[in-house]
Amino acid sequence: MSARITPPPAEAAAWRGEPARLDVEAVSFSYHAAGRQPLFTLEPVSFRARRGELVTIVGPNASGKTTLLKLLSGVARPLAGRIELDGAEVSRLDSRTRARRIGVVQQESPLVFPLTTTDFVLQGRYAHGHGLRLPSDDDLGMALRSLGQVGAAHLAGRWMKELSGGEKQRVVLARALAQQPLLLLLDEPTLHLDIGGQVELLRQLASLATAGHSTIVVVTHELELAAEFSDLTVLLHAGRALGVGRPTEVFQEALLREVFGAPLRVEPGPGNRPRIHLEVHRE
Amino acid sequence: MTAGKPLTLRRVMLVTLLLAMILVVVGVVAVGLGPVPIPTREIGACLAQAATGHSASMTSDCRMIVLDLRLPRVLLALLVGAALSVAGAGFQSLLRNPLADPYVLGVSSGAALGAILALLAQPRTTLGTMGAAFAGALVTVAAVYFLGRRGGQLDSYTLLLAGVISASFFSAVIMFLMTSLPGRDLRGMAFWLMGDLSSPLPVRLGWLMLVTWLTIGAVYTTSADLNLLAGGEQEAMHLGVNVRRVKLVVYLGGSLLTALAVSVSGAIGYVGLLVPHVMRMLFGSDYRLLIPASALGGAIALIVADTLARTVVAPTELPVGAMTAIAGAPVFIYLLRRKLG
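Protein chains in written order, with our numbering: chain X, 1 to 283; chain Y, 1001 to 1341.
No wet-lab data here; the hints were simulated from the structure.
Among the clues, some could well be false.
Pairs of lysine to aspartate or glutamate residues, derived as EDC-like cross-links and limited to a Cα-Cα distance of at most 20 Å, are as follows [claimed, not checked]: (1) X:LYS70 x X:GLU43; (2) Y:LYS1005 x X:GLU162; (3) X:LYS70 x X:GLU89; (4) Y:LYS1247 x Y:ASP1155; (5) X:LYS70 x X:GLU108; (6) Y:LYS1247 x Y:GLU1233; (7) Y:LYS1005 x X:ASP94; (8) X:LYS70 x X:GLU162; (9) Y:LYS1005 x X:ASP139; (10) Y:LYS1247 x X:GLU253; (11) X:LYS70 x Y:ASP1155; (12) Y:LYS1005 x X:ASP138.
Have a look at the derived ranges for each label pair, beta carbon to beta carbon [unchecked claim]: (13) X:HIS192 x Y:THR1040: 54 to 62 Å; (14) X:GLN107 x Y:THR1016: 35 to 43 Å; (15) Y:ARG1245 x X:ASP86: 20 to 28 Å; (16) Y:ARG1150 x X:THR210: 40 to 48 Å; (17) Y:ARG1245 x X:HIS32: 50 to 58 Å; (18) Y:MET1013 x X:PRO114: 19 to 27 Å; (19) X:ASP86 x Y:THR1016: 38 to 46 Å; (20) X:SER136 x Y:HIS1054: 44 to 52 Å; (21) X:SER136 x Y:GLN1122: 51 to 59 Å; (22) Y:TYR1334 x X:ARG282: 47 to 55 Å.
Predicted model only: the values in this text are computed from it and were never measured.
Ideal Cβ placement from N, Cα and C applies to all residues, glycine included.
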């Protein structure tokens, strides 16, 4: 089948009039290899998210999800367009201020030297301290509270290398929470989790967003979970934003089949959330 | 006694004080050891007289053996050990590799080559030699860093290989140049290739001490950053570290410390690898404690190594680098197997 793909309007009507926390306006980017043709181009993408909202970025491999996340984190400067967080352009913030406003959970957090979970989470307090940054009681309290928030209070003081994939994921998330960020970015946090762990993590993120009034952006491959938990979804394909809006607007059967090249079926589900199924048959 | 609890200032002070006390004891014992043994009480009296300026009442043992011969050598070992250990600890975080060490990475050999080139040029000045050693160290770290990257990532194997090969290349060039330098004997060769503390000092010890401790202090100001940098540059950036500034401070500081050590003692190996490793096992890997512990531990280790080097085969002497290599090389192999195997 060949569906004509037409990007829906960048912004849903319901968002108008509300103060946006995260304002992404026509942001584009491209990677170059030493003065040659661009290797990859992210075409202008725009969206807005408010406090307490969960945004998911979905799309096939090499569609630009991680690039967009990198731009949101402020460590890379967009080619054009602007990203504002509470009115400040993120790529212009100095590294300390940025880390107090934006927390990032990367796909991998490799360790060279042994570290306890507590010391690891305390790294999130770096940007709030000065000089040697020996942990104060407040820092320690915040670290333990962050571990508690992700249901990992019992892991305090354990060695990082002794943790399972799911446990480690929670501790990494706790470190980002200890930064007390306005914006929390996660790059495929469900990668090393089993299906139960994936559901639990998304549920946790949704409640963290609501409870902490922070804005959370998650890059994920799990379409069902994105449909269920996100307030806003950005669908990327080959560097283009093909859909930006509520899950019902973005997760359309023809669009998903075309973008992912897989026999996906989308049905209306409860709570105005689309249900996505994979229909695979052996030939 | 690996640290399971977050670091406190009390702990940093306690460990520093403990190691400083061990350093003093080791230093006094080292001054006492030699062909003419000098009792501890006499050393104490001698040092007190020197400190208060009562030079008239000094014995000849005090003036000639303690103050002129052994004390400067022990103090030199102290400085070189501290400098190499802190440089090693810094490079380990910068390169995210627990096996990094000024010698293994070829930085010491690069500094030695720089110094020798300066000795060949006219006019010879001490500052010129040290500056050239510094330049040699800087160029080597940069070269090894870029050669050790594969696909934009620092690769452990490639990095070590680049270091070892640079070191052997520089050593070959040093040998070649040594033969063309007039008045250099085998001892001079050993000085640059293996490291040796027995050659006369080209600069005043006090000056060397000042620059070394200031540089160690500069590296120490980045210790909170180094903790995070060990987790990767991207991660450190997201946590608020000004990565570019920290890398520059540690890169310059580590190279300067290596250059200072090399220009007064040649290329002593494995101290920068061994000492931070032992300190990590004892006190944990937090750089806020690791740097002072490595500085003091390195000072202790090199004083012990140098005292052994001048006493085990007395009246002859071994180059101190032979002692550190005998202890360090097996540990390096062990760490390499554990890390990569």
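Structure-based check of each hint:
Simply put, LYS70 of chain X and GLU43 of chain X have alpha-carbon atoms about 15 Å apart, close enough for the 20 Å limit, and the pair holds. Taken as a hint, the LYS1005 of chain Y and GLU162 of chain X pair is honoured in the structure, with Cα atoms around 16 Å apart against an allowance of 20 Å. Taken as a hint, the LYS70 of chain X and GLU89 of chain X pair is honoured in the structure, with Cα atoms around 14 Å apart against an allowance of 20 Å. For the given pair, LYS1247 of chain Y sits about 18 Å from ASP1155 of chain Y by alpha-carbon distance, which is consistent with the 20 Å threshold.
Taking the CA atoms of LYS70 of chain X and GLU108 of chain X, the gap is about 14 Å. The hint holds against a cut of 20 Å. Taken as a hint, the LYS1247 of chain Y and GLU1233 of chain Y pair is honoured in the structure, with Cα atoms around 10 Å apart against an allowance of 20 Å. Distance hint between LYS1005 of chain Y and ASP94 of chain X is unfulfilled; the C-alpha atoms sit about 31 Å from each other, more than 20 Å. Note on LYS70 of chain X and GLU162 of chain X: the hinted pairing is violated, with a Cα-Cα distance of about 30 Å set against a maximum of 20 Å.
Taken as a hint, the LYS1005 of chain Y and ASP139 of chain X pair is honoured in the structure, with Cα atoms around 13 Å apart against an allowance of 20 Å. Distance check on the hinted pair: LYS1247 of chain Y and GLU253 of chain X sit about 50 Å apart at the alpha-carbon level, beyond 20 Å; violated. Restraint check: the Cα-Cα separation between LYS70 of chain X and ASP1155 of chain Y comes to about 23 Å, which exceeds 20 Å; the hinted pair is violated. Of the pairs offered as hints, the one joining LYS1005 of chain Y and ASP138 of chain X holds, with about 15 Å between alpha carbons and a cut-off of 20 Å not exceeded.
Separation of HIS192 of chain X from THR1040 of chain Y is about 60 Å and conforms to the stated range, judged on CB atoms against 54 to 62 Å. Between GLN107 of chain X and THR1016 of chain Y the CB atoms are about 39 Å apart, so this pair conforms to the stated range of 35 to 43 Å. ARG1245 of chain Y and ASP86 of chain X have their C-beta atoms about 26 Å apart, which keeps the hinted 20 to 28 Å range intact. ARG1150 of chain Y and THR210 of chain X have their C-beta atoms about 44 Å apart, which keeps the hinted 40 to 48 Å range intact.
Here the CB-CB span from ARG1245 of chain Y to HIS32 of chain X is close to 26 Å, at odds with the stated 50 to 58 Å. Distance hint for MET1013 of chain Y and PRO114 of chain X: a CB-CB separation of about 23 Å, consistent with the stated range 19 to 27 Å. Checked against the hint of 38 to 46 Å, the pair ASP86 of chain X and THR1016 of chain Y passes, with Cβ atoms roughly 43 Å apart. Roughly 49 Å separates the CB atoms of SER136 of chain X and HIS1054 of chain Y, a value that falls within the hinted 44 to 52 Å.
At roughly 58 Å, the beta-carbon separation of SER136 of chain X and GLN1122 of chain Y lies within the given 51 to 59 Å, and the hint holds. A hinted range of 47 to 55 Å for the beta carbons of TYR1334 of chain Y and ARG282 of chain X is consistent with their spacing of about 52 Å.
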